[in-house]
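Q: Can you build the whole structure from these sequences, using the hints too?
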Amino acid sequence: MLFTNNLFYFFSFFVFILGLVIGSFLNVVIYRLPEGKSLLFPASSCPDCKTKIKFYDNIPIVSYFLLRGKCRSCGKKISLIYPAVEFLTAVLFYLLFVKIFYKAFFYFDITPYNLSLFKNYLTYDFLLFISYSFFIFILIPISFIDFFHRIIPDSLNIMLIIAGFLFNIFLLHKSFLFPFIGFITGGLFFYLIAVFYDFIRKKEGLGGGDIKLIAGIGAFLGIKGVIFTIFAGSFFGLSGFILDGLYLYIKDRTKIISNQSNKEKLIQNDGNYNVDNHSDNINNANSLAHNLSSISNNDNSDNISNTNPKINLENLELNLNKADENFISSKIPFGPFLSMAAILYLFYGTYLINIYINFIKKA
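Reminder that position 69 of the sequence shown reads as 69 in the UniProt record's numbering, one-by-one numbering, no gaps.
What the hints contain is simulated information worked out from the structure, not anything from laboratory work. Don't take each hint at face value.
Below, simulated DSBU-like cross-link-like pairs (lysine-lysine); rule was C-alpha separation at most 30 Å, straight line [what the hints assert, rightly or not]:
{"id": "1", "residue 1": "K224", "residue 2": "K362"}
{"id": "2", "residue 1": "K76", "residue 2": "K50"}
{"id": "3", "residue 1": "K174", "residue 2": "K224"}
A: Here it is, written out as structure tokens:
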């Protein structure tokens, strides 16, 4: 038993290190795939000075802290996203290994009589680990790419769907129906929502990438997993939407209030503009209109006259109204929330579903 315990600790450490290395590669995927660049060539380089990164400066997480988060060549800051992706991948791989292999190493008493059974047990666990590691391997870049670029590459979604079918048909459930029902349930449900939203609002709500993503998740996790992912992902997404909207609202209103005094200086009691004695107010109007223009993502600064305060104030009023609409019109990517919910189901789905069922029975 002591031997198997030590073996477990060794392999779990190895999996964590492997996760760091894979996370380093996923950084390349996240950075290059949206731009259509090769994932293998050329070698990694600094985004600012374009200097090729030496191998000793490319050690996952370690190099980031040794370099104090700065490029060795130009001294520019290295994004914290890089070590974050590496660490996240390593932690998820480690947790997956523990979840799958813990019972085999700690509760299986190996004897000469059951050694063959133990090997079979480990073989199945290994295939399970490979399957769900690939699941995580795809979901991580999908989440970050969707977060930063508001797109989900078809190449990643297609890989997810194909892998879900192959792993379930040949390795996990040995069934075509399991992935097919999950695939249809998730994809069709989101497609109908997208069509309904487009019919009501006359604009796109769910993108095609989200539909393919939930279909791929269904192919991997089956109908129970995809239903859990839809509800949990919607809850996470709604929470994110509210927080994002509140952040934009508070940010916009704070900027407007801080500049309100400048606006009042432009207007006289009789409603006319004082141009002769308050030339500074013209510059204030220009500055304020330009700032509020950036809030609404509609830069009208090119149309603002440096000598006509009336035009400045009209732009100011227009942008004040647009700033008030940001809370309602704020948009967030849905992919990261679906991925988060799918991974949550992978680790704790059965446990959480049982808690919910028991709660319903007692209610």
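Q: It remains to establish, for every hint, whether it holds in the given structure.
A: Going through the hints against the structure:
1. For the suggested pair K224 and K362, the alpha carbons sit about 22 Å apart, so the restraint of at most 30 Å is met.
2. Pair hint K76 plus K50 holds up; C-alpha atoms about 11 Å apart against a cutoff of 30 Å.
3. Restraint check for K174 and K224: the C-alpha separation of about 17 Å stays at or below 30 Å, so the hint holds.
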